[in-house]
Amino acid sequence: MKYGLKPKIHANQLSLSGGVQAGVALGALSVDHLETMDDVSIATLAMSHTIGTMLPTAAYFLRMNYPPARRMIDEGCILALASDYNPGSSPSGNMNQVVSMACIQMKMLPEEAINAATINGAYAMGLEDEVGSITVGKKANLIITKPIPSLAYLPYAFGSNMIDKVLIGGEVV
Amino acid sequence: MAATIITNIKLLVNTRTENKLLRGAELADLPVIPNAYLIIENGIIAEYGEMKNLPWADEKKDTIIDAAGQMVLPTWVDSHTHIVFAASREEEFVDKLKGLSYAEIAARGGGILNSAQKLSEASEAELLKSALGRIHEIMQLGTGAVEIKSGYGLDVPNELKMLRVIKQLKAISPIPVKATFLGAHTYPQRYKDNHEDYLDCLIDDMLPAIAAEGLADYIDVFCETGFFSPRDT
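In the order they appear, the protein sequences are chains Z and R.
The C-terminal residue of the first sequence carries number 225 in my numbering, and the numbering is unbroken.
The C-terminal residue of the second sequence carries number 235 in my numbering, and the numbering is unbroken.
Bear in mind the hints are in silico, worked out from the structure with no lab data behind them.
Possibly wrong hints are sitting among the right ones.
Derived pair list, reagent style BS3-like, types lysine-lysine, alpha-carbon separation capped at 30 Å [claimed, not checked]: (1) Lys-190(Z) with Lys-172(R); (2) Lys-190(Z) with Lys-63(R); (3) Lys-98(R) with Lys-159(Z); (4) Lys-194(R) with Lys-58(Z); (5) Lys-172(R) with Lys-58(Z); (6) Lys-194(R) with Lys-198(Z); (7) Lys-169(R) with Lys-190(Z); (8) Lys-190(Z) with Lys-131(R); (9) Lys-63(R) with Lys-217(Z); (10) Lys-180(R) with Lys-217(Z); (11) Lys-62(R) with Lys-190(Z); (12) Lys-217(Z) with Lys-194(R).
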């Protein structure tokens, strides 16, 4: 902290570790994982300005319970979604799959999952002024989908590639 | 000025005039504009709105992308990854299928320590090349910003090596990158029975070196039973 590094803490993945409470007490930007949450840790997170970042593809790969997203939303937590892309517990960086899994397994609404994976995710890495929404002045980092019947089709059609083009800084990549 | 104009967007998703961190029920509020256009200038979102309000476009000068039937979203923001690593670990995946637990694999020197061993053998150039490949992979999947953690180094030279790779990625990656120091990912083998000394190493040796080179934006601790306690954190 004395070096000006804001904490982002791995918490409550494998056990009721007290990590959420420790992170909140340190004023962490985010506490990440949250597969194992009890009433106290949910209430602590809900009362705080710390973002709870959920990593459903890691829970899937490790065959763990998913974070209790619905309860955390109902209690007033701030939530984000991320991939945890790593060789041991989430060898996938596919955020489309993360969003699908948040809906299918954690019962987040498509709107909730999209917000958690865009604007709230941007806050969780201090980039809310550059990315995370369609806002004048932000980077033109955009997904153009294939023709789809509705927004809910994106998480619904898990496993299908529904992306036609990706623009980064306005250029097709 | 030449612009890129996306026209006939079936639904423009997550349009916000002001930033807002969304809490609880607010998360379900996703603003959209049906039948929309969006104008890009110098890589930045310059303007957007309903198609009926589209200003005059110079079809000779501007690039037009007709998105009829298609939707436009902001790219995904991936705020938690560990994409600087030396090798995949599918052999452990198979071990797990055969019944070994995460803790058992960790106790055998697998898991994070396996990644640490392989990372210590890899050069900065090799790590940079493979991590950049992963950034291009996730860009194709719609990710437009990524946070990357260290934590496979677990000693001063290798944590610094990882963070220097992330610093180079920041300079060359097409998408924004943020660096998080995760020296406290697990206890290295030689500190297995002497956790206090590793915490001292983190605080007295690694952190000052990282701060001196400006290598990290954030700090992370793996706060779990059997790893780092809330008090350590």
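Hints and how they fare:
| no. | hint | verdict |
| --- | --- | --- |
| 1 | Lys-190(Z) with Lys-172(R) | 18 Å, holds |
| 2 | Lys-190(Z) with Lys-63(R) | 23 Å, holds |
| 3 | Lys-98(R) with Lys-159(Z) | 28 Å, holds |
| 4 | Lys-194(R) with Lys-58(Z) | 27 Å, holds |
| 5 | Lys-172(R) with Lys-58(Z) | 18 Å, holds |
| 6 | Lys-194(R) with Lys-198(Z) | 51 Å, violated |
| 7 | Lys-169(R) with Lys-190(Z) | 23 Å, holds |
| 8 | Lys-190(Z) with Lys-131(R) | 28 Å, holds |
| 9 | Lys-63(R) with Lys-217(Z) | 21 Å, holds |
| 10 | Lys-180(R) with Lys-217(Z) | 24 Å, holds |
| 11 | Lys-62(R) with Lys-190(Z) | 26 Å, holds |
| 12 | Lys-217(Z) with Lys-194(R) | 48 Å, violated |
Of the numbered hints stated above, those contradicted by the structure are hints 6, 12, listed in ascending order.
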